[in-house]
Amino acid sequence: MKKNILISIIILSLVVITFFNYSCKDESAETCDSIVFPDTGTVRYLTHVQPLFDCSCAFVGCHGADTKEIRGFSLDDYDNFMTGATRQVIYRGDPDASPLILRVEGKVGVRMPPDRPPLSMNQINGLKRWIRQGAPLN
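11 is the number of the first residue of the sequence shown in our numbering; add one for each residue after it.
Simulated from the structure, these hints should not be mistaken for lab results.
In this text, a Cβ means the ideal position worked out from N, Cα and C, and glycines have one as well.
Watch out, some of these pointers could steer you wrong.
What follows is a list of derived Cβ distance ranges for each label pair [what the hints assert, rightly or not]:
| no. | residue 1 | residue 2 | range |
| --- | --- | --- | --- |
| 1 | 97 | 50 | 17 to 23 Å |
| 2 | 41 | 112 | 30 to 36 Å |
| 3 | 97 | 46 | 26 to 32 Å |
| 4 | 51 | 130 | 15 to 21 Å |
| 5 | 121 | 98 | 17 to 23 Å |
| 6 | 52 | 87 | 18 to 24 Å |
| 7 | 50 | 96 | 33 to 39 Å |
| 8 | 127 | 96 | 27 to 33 Å |
Taking lysine to aspartate or glutamate and the DMTMM-like style, the derived pairs with C-alpha atoms no more than 25 Å apart in a straight line are [claimed, not checked]:
| no. | residue 1 | residue 2 |
| --- | --- | --- |
| 9 | 138 | 104 |
| 10 | 138 | 115 |
| 11 | 138 | 106 |
| 12 | 117 | 86 |
With the hints as extra help, turn the sequences into a complete structure.
Structure representation (C-alpha cells):
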C-alpha cells in the first residue's frame, strides 16, 4: 500500500514538473523586438517594463499570476514582484545586485527567459536604468 502511494506521488510530481517546464515553450515565439527602451531619460514601468514582462516572462507556467505560489513571485503586476514576492527580485537603485538582472544576463542560474530568445541589450540596459532610477511605478 505504501509503495503504491509513493509511486503515485512520484508520478504526480513528474507530471507537474513536466507541465511547468513545457508550458513556457508553448507560448508564441514572439521575440519582443518591438519593445524598445529609450536610450536616455526616464524609463517608464507602464510603457516599457510591464510590456516587456508581458511579452517575455509573465504568462502561464513561467512568471504569470498562476505561478506566484510556486515560484515565489509573478511578473504580471508591479505589486506582485515589488512587495508581494517571497524573495526580493529587484534591489531599487542597484541593478547589478538585482536577481532579475542577474538572471536575464545569465550570470546566475539558467538565463531567463529559458527556451525563448534572450532579451536584447537595449532591453537589459533599459531594465537596469529603470532599477537605477528606483524602479518606480510610473
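Verification of the supplied hints:
Between residue 97 and residue 50 the beta carbon distance is about 32 Å. The supplied range of 17 to 23 Å is therefore violated. At roughly 22 Å, the beta carbons of residue 41 and residue 112 sit outside the given window of 30 to 36 Å. For the pair residue 97 and residue 46, the supplied restraint of 26 to 32 Å holds, since their beta-carbon distance comes to about 30 Å. In this structure the supplied range 15 to 21 Å holds for residue 51 paired with residue 130, their Cβ-Cβ distance being about 18 Å.
The beta-carbon spacing between residue 121 and residue 98, approximately 20 Å, falls within the hinted interval of 17 to 23 Å. Checking the proposed 18 to 24 Å range against residue 52 and residue 87 shows it holds: the Cβ atoms sit about 21 Å from each other. Look at residue 50 against residue 96: about 35 Å separates their beta carbons, and that is inside 33 to 39 Å. Look at residue 127 against residue 96: about 28 Å separates their beta carbons, and that is inside 27 to 33 Å.
At roughly 8 Å between alpha-carbon atoms, residue 138 and residue 104 fall within 25 Å of each other, so this suggested pair holds. For the given pair, residue 138 sits about 11 Å from residue 115 by alpha-carbon distance, which is consistent with the 25 Å threshold. Only pairs whose Cα atoms come within 25 Å are accepted, and residue 138 paired with residue 106 is accepted, the gap being roughly 8 Å. Of the supplied pair hints, the one linking residue 117 and residue 86 holds, its CA atoms being roughly 23 Å apart against a limit of 25 Å.
Checked against the numbered hints given earlier, this structure breaks hints 1 and 2; the rest are met.
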